[in-house]
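Chains as they are written, first to last, in the working numbering: chain D, 548 to 780; chain B, 57 to 325.
A hint or two may mislead.
[As the list claims (entries may be wrong)] Computed footprint of chain B on chain D, listed as stretches where at least three residues anywhere in the stretch have a Cβ under 8 Å from a Cβ of chain B:
{"id": "1", "stretch": "589-603"}
{"id": "2", "stretch": "626-640"}
{"id": "3", "stretch": "660-666"}
{"id": "4", "stretch": "732-746"}
[Said to hold, decoys possible] EDC-like, lysine to aspartate or glutamate: derived pairs with alpha carbons at most 20 Å apart:
{"id": "5", "chain 1": "D", "residue 1": "K599", "chain 2": "B", "residue 2": "D107"}
{"id": "6", "chain 1": "B", "residue 1": "K62", "chain 2": "D", "residue 2": "E616"}
{"id": "7", "chain 1": "B", "residue 1": "K75", "chain 2": "D", "residue 2": "E673"}
{"id": "8", "chain 1": "D", "residue 1": "K683", "chain 2": "B", "residue 2": "E324"}
{"id": "9", "chain 1": "B", "residue 1": "K62", "chain 2": "D", "residue 2": "D702"}
{"id": "10", "chain 1": "B", "residue 1": "K322", "chain 2": "D", "residue 2": "E616"}
{"id": "11", "chain 1": "D", "residue 1": "K672", "chain 2": "B", "residue 2": "E324"}
[Unchecked claim] Under 8 Å between C-beta atoms, here's a sample of chain D residues computed to sit facing chain B:
{"id": "12", "residue": "T560"}
{"id": "13", "residue": "H643"}
{"id": "14", "residue": "F775"}
What the hints contain is simulated information worked out from the structure, not anything from laboratory work. Bear in mind that the values here come from a model prediction, so they are computed numbers and not experimental data. Note that beta-carbon positions come from the ideal geometry of N, C-alpha and C, so glycine has one too.
Letter by letter, the chains look like this.
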Amino acid sequence: MIELNSVTKKFGTVTAVDNMTCRIEKGEYFALLGPNGAGKTTVVRMLLDFIKPTSGSILIDGTPVSNPEARRRVGYLAEDHRIPSHLSGLEYLRRHASLNGLAGKDARMEVNRLLDVVSMKGREKEKSAGYSKGMKQRIGLGAALLGQPKLLILDEPVTGLDPIGIRDVRKILERLRDNGVTVLLNSHLLSEVEKTCQTLAIMNNGKILVKDSIRSILDADGTLEDVFIKYLS
Amino acid sequence: MNRFLKITGYTIRDQMRHKSIYVLLGLSIFFVLMIRGCYSGQYVVNGKQLDNITVAWHVSKIVFQIISSGMFLIVILLSMKIFSRDHEDGSLVLFLSRPVLRREYLLGRIAGTWVLCLVFMFILHATIFMTVWVKTGATIPGYLTASLVCSINLLFIAVLVCFLSLYLPDFISAVFSVGILLVGYISDGGHQILTSDILRTAVPEAASAPPALWRILYPKVYMVQVYADSIIGQSRFNNMGPLHPILNVSFFIFLITALMLVVFNKKEV
C-alpha cells in the first residue's frame, strides 16, 4: 500500500528523514512512534506531497505521491487540525466531499453518514469558530473517513477528545481495520497504540530503529513504554 | 477543470464573507449615487451654459478612473492574504489533502478573487452608466466595454500581489505592488503629458525623444486605463511603444503566473 524507497529529506543542514525504506501492506494497522523531532510528521507530510523528498521515491498503491490521484482514496487527519472559522462542520465536510469527486445526493448521504459516525449530528450547521477542540477533531476525523478511504493517515487523532470520544474513535478505527483499511497512526498515546495496532515502527533522528509486529515486540520487551525507552535511551 | 471551477466558486464565497467587502460596496455605491447631483447642476463656462450631457460625460469619465483606481486597492487587499490566510485557517490542507493539483488551487484562488473584483467594479461602473441614462437620457457608448477592458489590470494586480506574497509578508507585498503601479503611473503619465498637444506646441523637442526601453517594457497598467478612456471618449489612442498595452499586461500576467506555478509547485505546505 505504502512504499518508501530510500527516502531522505533535508531541511538545510538538518536531516529529518535519513535514507528510509519502509513498506506498509494493505490492511495493516501501522503505528509510527518516536520522540518529538524524530521525523514522523515529515514522513506524513511527504506521503501527502505537502513537501518533496530530497531523494528517494514514495508510492501509495503503486502511484507516486506527486500524482494527486494517489490522494483520492486517502484520508488524512492532521495533528494540528484546523477548520476555517467561517465554515460550519457541514460546509467543511461538503467541500471535502466535492473536492473528492462526490456530488449531489451521494455527497449529501455520505456527509450525513459521517456526521452520525463522529457524533456531530445537531451541531453541524454551527460555524466552526464555536466548536471545541474535540468537536473540531471529530469533524476532522469525519473528513478523513469521507469517501471510504483505502488508506487513513492519522496524526494524533484523539487529541482533545474526552475518554468517551477516545473510545468512539478506537471503535471506528477497529471497524476500519476489520474492513481491510490501511491505517498509519502517529500517536504518543502508547495505550491506544497497544490496543489497536498490528505493526509498529519506532523512529528517531530520521531513521527507523525497529519495525515488527506489535506482538513480537511486546513479547520480547514487555510494555510499549519499555520498548520506547529501550530504543530511545 | 471541474476542481478549478469549484475552487473559484469557494474563493468567491470565502472572500465575500469579509465584512469589509460589504462596507466597501456600500460606501462605493453611496459615493456613486452622491455624485448624481453633478448631473443636474447648472454649469457656466466662459459665459456659456453647459448642457447636462456634456457635464455628465466629463464627470463620468473622471469617476470611471476613480472607481478603477479604488478597485486596484481592493484587489490588493483581497489578494495579499490569500495564501497566508489559507495556511493559518487550514484551507490549504483542506484543498491539497484531496486530489487537487496545486495549479488548480492556485489558479482557482486567483480567478475567484479576480471575478469578484471584476463584478464589483462592473456594478459600480454600471451604476454610473445607468445614473447618466436616467438623469440625462443619454448613454455613454463604450463605458461598460471600457470597464471590462480595465478588468485585465485587476487580474494583473491580483497575480502580482499573490506572487509577491509567496516571498514577502502580506503588507510588504501590498506595498511593493502599489510601488510598482505608481512607477508605471508616473512614467507613463509623464510620457502622456510630454506627448500632449499643449506641450508639443510649447516644447517640441521634449516630445520628439522616444521613450526609454524600460518604459516601453514596463507593465502598462496606466496605458490600459488611458486606452479605456479612449474607448469611452471614442478618441484616438496614442500608444507608447509598438506593443498594445493590453498585450503588454497580458504578457506580464502570463509570465508572473507561470513563475508562480513553478514556485508554488515546489513550495512546502
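Tested hints:
1. Counting residues of the stretch 589-603 of chain D whose C-beta sits closer than 8 Å to any C-beta of chain B gives 6, which meets the bar of three, so the coverage hint holds.
2. With a cut-off of 8 Å between beta carbons, the stretch 626-640 of chain D has 7 residues touching chain B; three or more are needed, and the interface restraint holds.
3. Note: the stretch 660-666 of chain D has 0 residues with beta-carbon separation from chain B under 8 Å; the three-residue rule is not met and the coverage is violated.
4. Requiring three or more residues with a Cβ within less than 8 Å of a Cβ of chain B, the coverage given for the stretch 732-746 of chain D is violated, as only 0 such residues are present.
5. Between the alpha carbons of K599 (chain D) and D107 (chain B) the distance comes to roughly 67 Å, so the proposed pair goes past 20 Å and is violated.
6. Among the hinted pairs, K62 (chain B) with E616 (chain D) is consistent with the structure: their alpha-carbon atoms are about 17 Å apart, no more than 20 Å.
7. Restraint check: the Cα-Cα separation between K75 (chain B) and E673 (chain D) comes to about 19 Å, which is no more than 20 Å; the hinted pair holds.
8. For the hint pairing K683 (chain D) with E324 (chain B), the CA-to-CA distance comes to about 24 Å; that exceeds 20 Å, so the pair is violated.
9. For the suggested pair K62 (chain B) and D702 (chain D), the alpha carbons sit about 28 Å apart, so the restraint of at most 20 Å is broken.
10. Straight-line distance between C-alpha atoms of K322 (chain B) and E616 (chain D) comes to about 18 Å, which keeps the hinted pair within the 20 Å bound.
11. Proximity of K672 (chain D) to E324 (chain B) is assessed by CA-CA distance (about 33 Å); at most 20 Å being required, the pair is judged violated.
12. Interface restraint check for T560 (chain D): the shortest CB-CB distance to chain B comes to about 16 Å, outside 8 Å, so the restraint is violated.
13. At its closest, the beta carbon of H643 (chain D) sits 7 Å from a beta carbon of chain B; the interface hint therefore holds under the 8 Å criterion.
14. A distance limit of 8 Å between C-beta atoms decides the matter here; for F775 (chain D) the minimum to chain B is near 29 Å, and the interface restraint is violated.
When each numbered hint is compared with the structure, violations occur for hints 3, 4, 5, 8, 9, 11, 12, 14.
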